[in-house]
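Chains C, L and D, in that order, give the protein sequences.
With numbering that gives the first Met the number 0 applied, the first sequence closes on residue 249, and no number is skipped along the way.
With numbering that gives the first Met the number 0 applied, the second sequence closes on residue 276, and no number is skipped along the way.
With numbering that gives the first Met the number 0 applied, the third sequence closes on residue 278, and no number is skipped along the way.
A few of these clues could be false.
[To be verified] DSSO-like, lysine-lysine: derived pairs with alpha carbons at most 27 Å apart: (1) L:K117 to C:K143; (2) C:K181 to C:K21; (3) D:K19 to D:K42; (4) C:K70 to C:K225; (5) C:K198 to C:K21; (6) C:K143 to C:K70; (7) D:K238 to L:K273; (8) D:K26 to D:K167; (9) C:K181 to C:K198; (10) C:K191 to C:K181; (11) C:K181 to C:K70; (12) C:K191 to C:K167; (13) L:K44 to D:K26; (14) L:K273 to D:K167; (15) C:K191 to L:K117; (16) D:K19 to L:K273; (17) L:K117 to D:K42; (18) C:K198 to C:K242; (19) C:K143 to D:K276; (20) C:K242 to C:K225; (21) C:K21 to C:K70; (22) C:K181 to C:K225.
[Unchecked claim] Among chain C residues calculated to face chain L with C-beta under 10 Å, some are: (23) A29; (24) D31; (25) L138; (26) E185; (27) S188; (28) L189; (29) K191; (30) L212.
Hint data in this document are derived by calculation from the structure and do not stem from the laboratory.
Given the structure is predicted, the values throughout are model-derived calculations rather than measurements.
C-beta: ideal position from N, C-alpha, C; glycine also.
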Amino acid sequence: MAVLEVRDLCARYSASGPEVLKGISFSVEADDFFAVIGPSGSGKSTLIRCINRLVNPSGGEILFYDREVTKLRGRQLRLLRRDIGMIFQEFNLIDRMSVMDNVLSGRLGYTGNLRTLFRAFPRDDIQHALNLLDQVGLLEFVDKRADELSGGQRQRVGIARALMQNPKLLLLDEPTSALDPKISREVMSLIKRMTTELKVPCLCNIHDVTLALEFCNKIIGLQDGKKMFDGPAEEMDQSMLDKIYEMEVL
Amino acid sequence: MNKALAPPTAAKPTVDDIIRSQRRTRYARGAFFTLLLIMVVWSVKVTVIDDTDWARIGSLANVLKATNRFIGIDFSLFPTLIGPAIETLMIACLGTLLGVILCIPAAWFGAHNITPYKPITYPLARLMMTLSRSIHEIVWALFFVAAVGLGPLAGVLALAVRSIGFIAKMTAEAIEDIDPGPVDAIRATGGNDFQVVIYGILPQVLPQVLSVVVFEWEINIRRSAILGLVGAGGLGLVFFRQMNTFNYHGVTTVILAILLLILLGEVFSYFARKAVI
Amino acid sequence: MNRALDRQPATPQREWSRFKFPGSLIKYGIWLSILVFLAYTVKYLDIPLDRLLGMFGRLGSTLANRYYPPDIEYIMDLDYLEYVVETIQMAYLGALFGLLASIPLGWFGSYNMTPSRLYVFPIARLISMGCRSVHEMIWAILFVTIIGFGMLPGVLALTFFCTGFAAKLFAEEIEAIDMGPVDAMRASGANLFQIMLFGVFPQVRVAFTGIAIYTWDVAFRAATVVGFFGAGGMGWYLKRNILQIETERVAAILLSIIFLVLISEVLSAWARARVMKMK
């Protein structure tokens, strides 16, 4: 069964603006680590953000576990987002909160307003957070403030926060482009290891083709909002890459 | 940011540790807010419950009735408002200008990179700024009314003195932040201190200072509109008269006129600041 | 003319003049019109410029003869000190209630976080602008007419004033935040309240504390004089003594106001420095 099925997705920034996505279709299966590649400005980030509706698509359908989600609003939309974890390029941690509170914030979709006010998360959540922090190797940093950490460490907190949601799908929006190559690889393999273990399918928007080919099993290539390639990673070759990145080569 | 952090030596935390430390933060916060609340209760008791003549206020309906008297506009007042409105505006302009002139020495002394003799002039300027800012314009106006008599002059002086603090403080900060390059360049060509100020410092800080002055002017309109209450001319005097003759619709009219004046000032200052920067 | 310069080989003639045709004309025109306007203003307001210079002498002698020595004993009286405490309480309540009211107002009036840009945003902005534009003295007079003399109108006047004052600054702070954490909270399925608590509040907490201290300064400064129009506190003492021409007492009261405001400023400067260090 397809976890996520996207049909003819279109999106634009403003009601009268140009289309950023021009009818994209693809589907993500339960054990996929799915990569979206393409030159900058090709609509990768918009595509990812349409899935959890941080950007509202202007047309097309998104089926998440066979449920149409492009028209959801209010509580239903929050319940959808709760099921989809997201890891950001700029980490988007809450700088002035501790690592623990940052990880726990992934639980907000499950938490009531009163508990949020007093930051009184249930015991199970704290246990879960500690386990995740242990797995990403940051257990000693629980009480550190997020802005005291290095880039790689911050992204690890981001991973723990996203997995805290017990997501049924993980969105990765350029998770490594703010990191140096060595740390990038570490972070990617950490994500790969943990999502395989937890059986969470991933949809990853990535700039670095080498990383995409190394970690992902399926790839779609975007150029100027249109899909240029869709297939297993093994089928991706240099001529196809040249075609996708044509704009940048010229 | 990227420097490696030495892992803290503490033992691996358990759930109970976390919950305990969270509880401690919550209690500390609770204690702080309780203290705040106790002070509120005490203050409310003293100022609101004991001091208020509840019998006079009567019921909520009475209060609403009293408020209701203000709803309405006295159109007959319009012609008599124009003169005072212009007067208010002019008091604000002159007050701001005089304030700018007065703040030159304050800003010069108060910027620690150009102050002539730091141990004395710097604290002197700071004292000037603080005094000017910390005393309410009504008090300044009372003071100048006593000194130069009733009339717009007292208002102008009050606003001027009240403006020194803010303008001088912002100007001094702007001077402290300048790029020392041009200053060195002027010095290198053999310029004297005055030339350094005119060619090295002034061009760098002028846009910021002008925008601060326009901002202060905008605030001074708001202030000058009430100085008439203590006899320093402008719309405040009309307001006072309407209040004393219990012409409540007139009061509302004057307030609306003041709001209109402030709005005009805000629009003007928005465009002026855009033009400056 | 310098001879050495004259003898230099002729270079193609380049003209440079400080005066550029339309630009400079407009510039000087603006300066000239400002000057004319100022001259006209002085005339319109009937300001006796000749008296301005003599003012300082007279000011000095008036101060020396009538306002000196300040009647310090008068302000050491227990009755007066009680009024000082009440003034502080009034400022405290006004600032606190104003700050409480301005948190939602600042939120609704911030373009990036407002629940509805079409309805809530303009209404919140309008309320905060209205509160801010009406001078605190006018608020005080209005409330005195509606509910009579006392501290309550003072507290209400300060509340309204502080609401407008702080709401604008709060809104500006919220508009300056990094939207990244907000996106992250939205993506995790948090509701609007939770987004505010986790995505926005930690980012503005320090700035808010600074604004709160600043609001207290403004509120206390105003509280010392709202009594002038019957709204309680020290201002009422000031008014009574001015009316009775007790100049030495007036001097003492003014001194006490300056002293208290200075102390409050020093304390809040210290508090602000500490808060900023906390980051």
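Flag every earlier hint the structure violates by its number, smallest first.
Numbers 1, 2, 3, 5, 6, 7, 8, 11, 13, 15, 17, 18, 22, 23, 24, 26, 27, 28, 29, 30 - these are the hints that the structure violates, sorted from lowest upward.
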